[in-house]
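> Given next are the chains, with one letter for each unit.
2 protein chains.
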Amino acid sequence: MIQHHLRVPPGPVDLGEWATDATPGFDGDKEEGKAALEEVGQELSELQERLFAEGRVADDVEEREGRGVLLVLQGMDTSGKGGVVRHTVGLVDPQGVDITAFKKPTEEELGHHFLWRIRKALPGRGRIGVFDRSHYEDVLIARVRELAEPDVIEQRYDEINEFEAEVLGSGVRVLKVMLHVSPETQKERLLERLDRHDKHWKFNPGDIDERQRWGDYQRAYEVALERTNTEVAPWHVVPADRKWYRNLAVAMLLRQTLQTMAPTWPRVDLDVEEQRRRLEEEDPLS
Amino acid sequence: MIQHHLRVPPGPVDLGEWATDATPGFDGDKEEGKAALEEVGQELSELQERLFAEGRVADDVEEREGRGVLLVLQGMDTSGKGGVVRHTVGLVDPQGVDITAFKKPTEEELGHHFLWRIRKALPGRGRIGVFDRSHYEDVLIARVRELAEPDVIEQRYDEINEFEAEVLGSGVRVLKVMLHVSPETQKERLLERLDRHDKHWKFNPGDIDERQRWGDYQRAYEVALERTNTEVAPWHVVPADRKWYRNLAVAMLLRQTLQTMAPTWPRVDLDVEEQRRRLEEEDPLS
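These protein sequence lines map, in sequence, to chains A and B.
Under full-length UniProt numbering, think of the first position of the first sequence as 1, with each following residue one higher.
Under full-length UniProt numbering, think of the first position of the second sequence as 1, with each following residue one higher.
Watch out, some of these pointers could steer you wrong.
[Claimed, not checked] Computed from the model, here is a short list of chain B residues facing chain A with C-beta under 8 angstroms: (1) V85; (2) R86; (3) A101; (4) L122; (5) V152; (6) K187; (7) I208; (8) L279.
[Claimed, not checked] Straight-line distance between alpha carbons at most 27 angstroms, and here's what the computed DSSO-like set of lysine-lysine pairs gives: (9) A:K243 / A:K30; (10) B:K103 / A:K120; (11) B:K243 / B:K199; (12) B:K120 / A:K103; (13) A:K34 / B:K34.
Just so you know, these hints were derived from the structure itself, not from any lab.
No residue lacks a Cβ here, since even glycine has one placed at the ideal position from N, Cα and C.
Model the full assembly from the supplied sequences, consistent with the hints where possible.
See below:
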């Protein structure tokens, strides 16, 4: 089971001990990995449809809360958060997915508690929510760039844990994934963006400024992973130097999450024979 | 060019003259159609990424409006609106797509003008918006079920035309598609939902009530198509008895729309040499 390899054990975290170019839990090469992703995609797709179906039927009975999934993607620039959304999340029906890319907070967002914009983007019943960056930015860039007082940031770890427990309490599973790249891979990917005119739009000179603080960011990640690595919402570190493995690993984690929820085709209170009779006898053309 | 076959010519509309099981503009069979869809998907995917890139760069320069696409899907129950979202829209990066399924209006929505909820769902710069049902419900079910006074409905056709012209003025192309099924196909598909326990959740006894009014709905569609078939936002009728053709035809229409917009990789004001130097010389690891 891949999650045994990727789940962060409780206690202090040293990212230096986590490989960025390994393929833990998968024996094959790139071609085999891509084939495996297609297979996992089929299963994911069916599981997602069942979850969606559950949510739709629950709608009718006006239950207030219901089951959903929240995939939180974090990682340094170029670690492939967008790639995972495209290649892994893209495997399931887009009708059941809500993707939110959290950018630099707006003026309005800054006027609220840091979880305000996060709560607004939570997935509803039967849906898979995907956060490309998240509330963790408020203890990552906020810590490195000192965007808030130390005691405010200190408090945020606890607030995040309470928030995630509350999300779980409403029926939404939280799957937290850090995409872990090496600084060498980041450099290669930034250079590629400079080399290719069709990638220029992705290049932001500010990314190099952040890169200067690589060590500070790694440390901020270590603290965040340690402080918010709860039983109910544990962290996973996915080696992300190989794009194919990264996509496959997140797909497998998502599949595992959905399998644990075991969504089933909802039982509908339906008199099948009566409905069939109506269809046969009340034909608008006859 | 497939749109020449599918675009509704100006003037009165008689849906009886439009085949539901034909494959206009495509010579192949089902297998060839599926292969063609994959090819079109590759092109769609690249066009969508360019559009998205344009939108992202425009973000930075704080342009207020920008280019986007709005795909409006209408059709009777079981005509395959959801299938098109899954199989055609699902071919492009889900990060660039905003899908809205318009259900029966809520109390809050009913307290507003019928276009209120529609405006809120319009796609932003660089994005493809998809409406699974739309403002057209307000002249379709509203007309058949007399949910508004006749003069109110009468006025809505003009309001829709003004609204769509306004949307186009803001840079968003409007692609309107009616998925056209026969009542026999609908019956088959409803029976299939009854036969399969994994489809029961999709079955709504109310669909049979609406089916009784097949003729009224066809007439309401004919009026809507005629009255809102403007030069800037024309209607297309896609034969939808064959799912593979339906998916392919909408993909081809969407590709054509994007090709006409001709999105290009944005020119970014970037000193490539300077950025490369910074990356080489300011390595956080050296």
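> Confirm or reject each hint.
Evaluation of the provided hints:
Hint status for B:V85: holds, given a least beta-carbon distance of 5 angstroms to chain A, under 8 angstroms. With a cut of 8 angstroms, the hint placing B:R86 at the interface with chain A holds, because the nearest CB-to-CB distance is about 5 angstroms. Proximity of B:A101 to chain A holds as hinted, the smallest CB-CB distance being about 7 angstroms (cut-off 8 angstroms). With its C-beta approaching chain A no nearer than about 17 angstroms, B:L122 sits outside the 8 angstroms limit, and its interface hint is violated.
Checking B:V152 against chain A by beta carbon gives a least distance of about 27 angstroms; that is not within 8 angstroms, so the hint is violated. Restraint check, B:K187 versus chain A: the minimum CB separation of about 6 angstroms is within 8 angstroms; hint holds. Taken as an interface hint, B:I208 checks out: its beta carbon lies about 5 angstroms from the nearest beta carbon of chain A, inside 8 angstroms. With its C-beta approaching chain A no nearer than about 6 angstroms, B:L279 sits inside the 8 angstroms limit, and its interface hint holds.
Taking the CA atoms of A:K243 and A:K30, the gap is about 9 angstroms. The hint holds against a cut of 27 angstroms. Restraint check for B:K103 and A:K120: the C-alpha separation of about 21 angstroms stays at or below 27 angstroms, so the hint holds. A hinted pair counts as satisfied when its Cα atoms are at most 27 angstroms apart, and B:K243 with B:K199 qualifies at roughly 17 angstroms. A C-alpha spacing of about 21 angstroms is found between B:K120 and A:K103, which places the hinted pair at or below 27 angstroms, so the restraint holds.
With a C-alpha separation of about 21 angstroms, the suggested pairing of A:K34 with B:K34 holds against the 27 angstroms cut-off.
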